[in-house]
Amino acid sequence: MNNPQLNKHGELTHLLSIEGLSAPILKQILETAESFVGVAEREVKKVPLLRGKTVCNIFFENSTRTRTTFEIAAKRLSADVINLNVGTSSQSKGETILDTVDNLIAMHADMFVVRHSQSGAAHLIARHVGPDIHVINAGDGRHAHPTQGLLDVFTVRHYKPDMHNLRVAVVGDVLHSRVARSEIHALTTLGVPEVRVIAPKTLLPQEVEKLGVQVYHDMATGLKDVDVIMMLRLQNERMNGALLPSAQEYFKTYGLTQEKLALAKPDAIVMHPGPMNRGVEIDSTVADGAQSVILPQVTYGIAVRMAVMSILAGNTE
Amino acid sequence: MKIHIKNGRLIDPKNNIDSKQDVFIAAGKIVGLGNAPDGFVANQTIDASNLIVCPGLVDLSARLREPGFEYKATLESELLAAAAGGVTSLACPPDTDPVLDEPGLVEMLKHRAKLLNLVNVYPLGALTRQLQGKNLTEMFELSEAGCVGFSQADNALTDTQVLWNALQYAATFNLTVWLRAEDAHLAKNGVAHSGEVAARLGLQGIPACAETIALSTILSLMRETGAKVHVCRLSTLQAVAMIKQAKKEGLPISCDIASTHLHLIEHDIGYFDALCHLRPPLRTERDRDALRAGLLEGTIDAICSDHTPVDDDAKLSPFAESEPGASGLELLLSLTLKWAMENKLALPKALTSITSSPASVLGIEGGSLSLGAQADVCIFDAGNVWKVEAKALLSQGKNTPFMGLELPGKVRWTLLNGQIVYQQH
Amino acid sequence: MLPDAEQLLENLSRQLQPFIADGAALVGIHSGGAWIASRLQKSLGGDLGTLDISFYRDDFSRIGLHPQTKPSNIPFDVEGRHILLIDDVLYTGRTVRAAMNELFDYGRPARITLAVLVDRGERELPIEAQAVGVRMTLKPGQNLELLRDAAGHFNLKLHEEISE
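Protein chains in written order, with this note's numbering: chain P, 180 to 496; chain W, 2 to 426; chain Y, 14 to 177.
The hints are simulated quantities; they were obtained by calculation from the structure and are not laboratory data.
Mixed in with the good hints there might be a few duds.
Footprint (simulated), chain Y over chain P, 3 or more residues, beta carbon under 8 Å [claimed, not checked]:
{"id": "1", "stretch": "209–219"}
{"id": "2", "stretch": "226–238"}
{"id": "3", "stretch": "396–410"}
Note that CB positions come from ideal geometry on N, CA and C, so glycine has one too.
Next comes chain P alone, as it looks inside the complex:
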């Protein structure tokens, strides 16, 4: 099967998932992002790479945070940006995803940033667009959120440069999390030797170990000697439903507190993709504490997205 993310020259033309990307491509993105971090610290935060290009944010599922970072990233590359929040407009009138995309292509969009509540939506759009139109997956259902996975490993690399000697724990609702899947693929592809998932059985997909992770149900054992803790958000609808009895019990068993953090390495870092549910998956003292790198994660997000857009825009057939 042809890798749908590569064009006929084997270059990256879409970013749909971390899975399927080689370590060299991931490294290229991370190294390019490094250069963009510097740009953000300048007076003029723009570079002219995407001048004359139009980037379309099509968010079938709402997210102001993510959409804003993509918008900033595109504008810092001097691109023109169109934002389409489809939830409220034509989609509800019965227009299909592909109809929406076709209309935007007719308006000369060069790049689509897509978020959708269904797994596989970005792949569907990528199959449909012609050559030299690029699709970036900003989150599709439970499947993938590749730019988040990338900015997370960028953050890890920043604080723990030797990836080949790390223990990383991903904690929380892996079953429903596209962030978790992207993080896991990025870590394993870049050679992190031990990736753990820590969650109750109800929040882990069947055969999750096939993703290359070690499974822990006990947070104390799972966090022992870990260098990086990647927390996952627990969504409201999971908290009182059939999968978990309550937010309180979840916090007791899987919430990251100072005590639990102490079981990891003393210089372990704590990450969270945001937005955080304080008191559910993470204690405020930890979130705001010395070992938390949650705020820097956000700045790196823009640089990583600039890197992705630049690399894609430069790969033409």
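Since the structure of chain P is already known, use the hints to place chains W and Y on it.
Here is chains W and Y on its own, set in the frame of chain P:
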């Protein structure tokens, strides 16, 4: 119309025939095998040199989409497709609109099919009114109108009391109930097998136990009620083992698999290929291998196409939002041959699964070419390879996961009741 | 016969010394220009910055982003400074154009003086160097590259493209 089919290799699994024998047809029936009957003068001769002559295929499940879903396909287009696929008898599920729960609707369907005169259509009646799983249908009247069995199609019947009653009622009149073994709660919102692929792709999974739990319920109820059941579209290795045990026990049970599941597994979903969004979901390699073994040892009685044509847009959605199902009437023979060829199976053995065995399940005369039998014949070229493309398919449903592949076996003639209803140009 | 790169560096250093003494800052263009600027700083002192022009090239649409970009680093305020822009080989002038555009995104310099080790002519843009180590012409298909060995010693290398 007197027809002489000459020089063909006659394969008739029911009668254990696999040899070069001519076939002689008159007044819609087989009147001679090998040697012409006295005084036989053919109006038409079909030269079947290098071709195989076998009974017209019997397909246990093909959706014809009428009444109600004519935008997906019509009776005419789908029966033409069936004839092009060498299928001369088929059973269709009751999930039409309106649902086939009234004798009048069944009669009309049968009548329309008869007028088209392309395929013998055997409708399955709804087991419960509107397929809602609450109230029983008039099974006796429906069977008089021509229903060969009673089914819920893909609609869940969660109330075990209702299922018990339905099986008891059917058993009263010796009617067969056709059921999909799937626990509605465990399968809710599921679109793929609950395992590695669903984990990677972030798709809601349907665990294997959804099938085994439901099958267990069915088997228990069969023991209590004495009902005859045909289990539709098996997918797990555990279920195959359970059916084997049930048959050993002497329960009046039969089962089938879909031709898609004879070949494909969960990994064929690849990058969210909605053409592989099927019910039941494609499962693991081990499951597929168990289905194949089950066919060979007779635990599984038949391969059906489970033909489910959808309009083009229906597959152009993200995987979970796409309509499940595959078009398959025209691929049933080829997919069976592909299985036989890849696994070095004797052709008669393979063809049993799509001729005599399904005919047995349906309780009809078809599926064999005995002397005096209705002349429903399929003549095909096993050596010919054809490419599955939209323009090659007569069905309005172009939704097949085998699109673009080359498959063995091209039907050259199909005869129904001694008349040529399809001829390859 | 190729000129001795170390001697050219000597030459350039002498030409630039008065500017450094007057407070000019060195900015080298990756990677050859950055090496040279670094050596110049060792002998002349002064502020040092480096520029990677990957994000300002004019051939991005044709050839895409360079697989290895390095971060630019200007650790001083460009505003109002005299900048000595350093590169190894001046050819079409496009690299310098990109570097100047990037420099202006850091601030408005008072003056830019371009200094190069080798000027090989064949300009495609109206750009000239104020300080040059040596001027030379190359044949079609020839390319000049600055090499640096493990000890930090510079050498010039001539590449011939084998035409088919």
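TODO: Enumerate the violated hints, using their earlier numbering and listing them in ascending order.
DONE: 3
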